[in-house]
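Using the sequences and the accompanying hints, generate a full structural model.
There are 2 protein chains.
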Amino acid sequence: MTAFFQTPIVVLANGRFPSNVIPLQILDEAGTVICTDGSADTLLQFERTPHVIIGDLDSTKLKKSDFKGLWIPDQDQYKTDLQKTLEWCLLNDLNEIAVLGAMGEREDHSLGNLHVLAEFSEKMTVHFITDFARIYCVKGQQTFQSKKGQQISIAAVEEVSSITTKGLKYALNNELFPPACNGISNEAEGDEFSINTSHPIWLFINHIE
Amino acid sequence: MTAFFQTPIVVLANGRFPSNVIPLQILDEAGTVICTDGSADTLLQFERTPHVIIGDLDSTKLKKSDFKGLWIPDQDQYKTDLQKTLEWCLLNDLNEIAVLGAMGEREDHSLGNLHVLAEFSEKMTVHFITDFARIYCVKGQQTFQSKKGQQISIAAVEEVSSITTKGLKYALNNELFPPACNGISNEAEGDEFSINTSHPIWLFINHIE
Numbered sequence: 001m002t003a004f005f006q007t008p009i010v011v012l013a014n015g016r017f018p019s020n021v022i023p024l025q026i027l028d029e030a031g032t033v034i035c036t037d038g039s040a041d042t043l044l045q046f047e048r049t050p051h052v053i054i055g056d057l058d059s060t061k062l063k064k065s066d067f068k069g070l071w072i073p074d075q076d077q078y079k080t081d082l083q084k085t086l087e088w089c090l091l092n093d094l095n096e097i098a099v100l101g102a103m104g105e106r107e108d109h110s111l112g113n114l115h116v117l118a119e120f121s122e123k124m125t126v127h128f129i130t131d132f133a134r135i136y137c138v139k140g141q142q143t144f145q146s147k148k149g150q151q152i153s154i155a156a157v158e159e160v161s162s163i164t165t166k167g168l169k170y171a172l173n174n175e176l177f178p179p180a181c182n183g184i185s186n187e188a189e190g191d192e193f194s195i196n197t198s199h200p201i202w203l204f205i206n207h208i209e
Numbered sequence: 001m002t003a004f005f006q007t008p009i010v011v012l013a014n015g016r017f018p019s020n021v022i023p024l025q026i027l028d029e030a031g032t033v034i035c036t037d038g039s040a041d042t043l044l045q046f047e048r049t050p051h052v053i054i055g056d057l058d059s060t061k062l063k064k065s066d067f068k069g070l071w072i073p074d075q076d077q078y079k080t081d082l083q084k085t086l087e088w089c090l091l092n093d094l095n096e097i098a099v100l101g102a103m104g105e106r107e108d109h110s111l112g113n114l115h116v117l118a119e120f121s122e123k124m125t126v127h128f129i130t131d132f133a134r135i136y137c138v139k140g141q142q143t144f145q146s147k148k149g150q151q152i153s154i155a156a157v158e159e160v161s162s163i164t165t166k167g168l169k170y171a172l173n174n175e176l177f178p179p180a181c182n183g184i185s186n187e188a189e190g191d192e193f194s195i196n197t198s199h200p201i202w203l204f205i206n207h208i209e
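The listed protein sequences derive, respectively, from chains Z and E.
Per my numbering, the very first residue in the first sequence carries number 1; after that it's consecutive.
Per my numbering, the very first residue in the second sequence carries number 1; after that it's consecutive.
Because the hints were derived from the structure by calculation, they are not lab data.
The list makes no distinction among identical chains, and a pair is therefore deemed to hold if it is satisfied within one copy or across any two copies.
Listed below are the simulated BS3-like cross-link pairs for lysine-lysine, each with C-alpha atoms no more than 30 Å apart in a straight line: (1) Lys-169 to Lys-79; (2) Lys-79 to Lys-63; (3) Lys-61 to Lys-79; (4) Lys-147 to Lys-79.
Now the structure itself:
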């Protein structure tokens with residue numbers, strides 16, 4: 001059976017549109033681009049067309065009648081457009097998602113989106129790519145590729161009762177790790193590092209300059 | 001006795017330099033501008049001169065010999081430049097601080113700075129002003145000015161066991177409030193609102209468009 005949606009799947013949220021080559025390449029190579037409401041207009045400005053639009057559909061200037069892709073209205077006042085979009089992805093068995101445009105405009109939306117990342121990372125493989133970093137939410141044991149000297153940051157989503165890292169300059173060894181700024185600006189020592197954490201943390205793998 | 005430092009005191013951190021009229025006016029009206037290392041160079045590009053520079057002093061292109069203000073080197077590897085700067089403010093009895101440039105570049109630095117805001121809000125009167133919002137960290141009971149319809153967001157720094165709001169469209173009534181995205185995009189109902197919270201929350205009062 002052929003999948004209905006071409007992979008890779010990219011969600012474009014309504015934060016800052018990427019300008020860095022790394023997220024732009026991910027956008028160019030996407031098999032399916034899903035826009036959250038107003039981000040469809042931004043994508044059109046950059047001469048690309050979304051395959052799917054999801055949300056209140058009160059922000060986009062696109063009209064349903066002019067749009068050849070999937071038009072998915074969802075009026076739920078208690079969910080953000082990114083939540084609605086990732087829920088729709090889950091319903092359609094799209095379980096591996098790169099999200100662009102999630103950060104960089106209103107700070108409350110950016111922080112809210114980090115919490116959406118935490119919520120959906122328990123259910124699917126999802127991460128953000130911004131102009132500065134790849135952002136993951138990690139729980140349990142996971143290994144990541146890196147380059148020596150690459151800037152890595154870890155921040156607790158909630159109180160972490162035990163975290164251990166391997167391959168980072170400032171090691172954490174089975175430590176309590178509260179939500180604070182002390183895990184910012186760590187560094188990879190080589191071509192991979194690993195994290196084992198009892199509770200979710202946000203991991204920022206900054207792009208190499 | 002005359003205070004040594006002219007008020008209002010503005011700290012310029014090394015995130016995105018403001019472009020919105022609200023933070024720019026705060027910068028123009030500052031009695032003392034304190035820069036964290038590299039932000040001194042950004043300020044000079046905008047034809048303003050800092051009164052104080054604090055940090056590693058490895059990022060600024062300024063030379064001590066050319067600089068007429070206070071030059072405060074602090075090499076502590078375990079503290080961010082913003083932490084060093086706010087500690088120096090406390091030591092010098094500067095207890096009322098507006099911080100510009102704290103958000104909007106690397107996302108790990110922005111999140112780290114929000115935690116620095118939480119840490120220092122227990123010791124002094126400090127808030128961030130960005131292109132989008134005034135950002136506070138609140139614990140206990142506090143009242144804020146607003147306009148009807150102004151976008152207000154609340155996010156827990158850590159698990160909140162009880163929070164109550166008055167004057168917001170989506171009211172919270174003595175509720176549990178975990179770190180999540182459900183307090184984003186609330187709205188002021190009139191010209192003031194109040195929050196009473198058992199544990200610290202970040203409050204985003206978005207500028208009126």
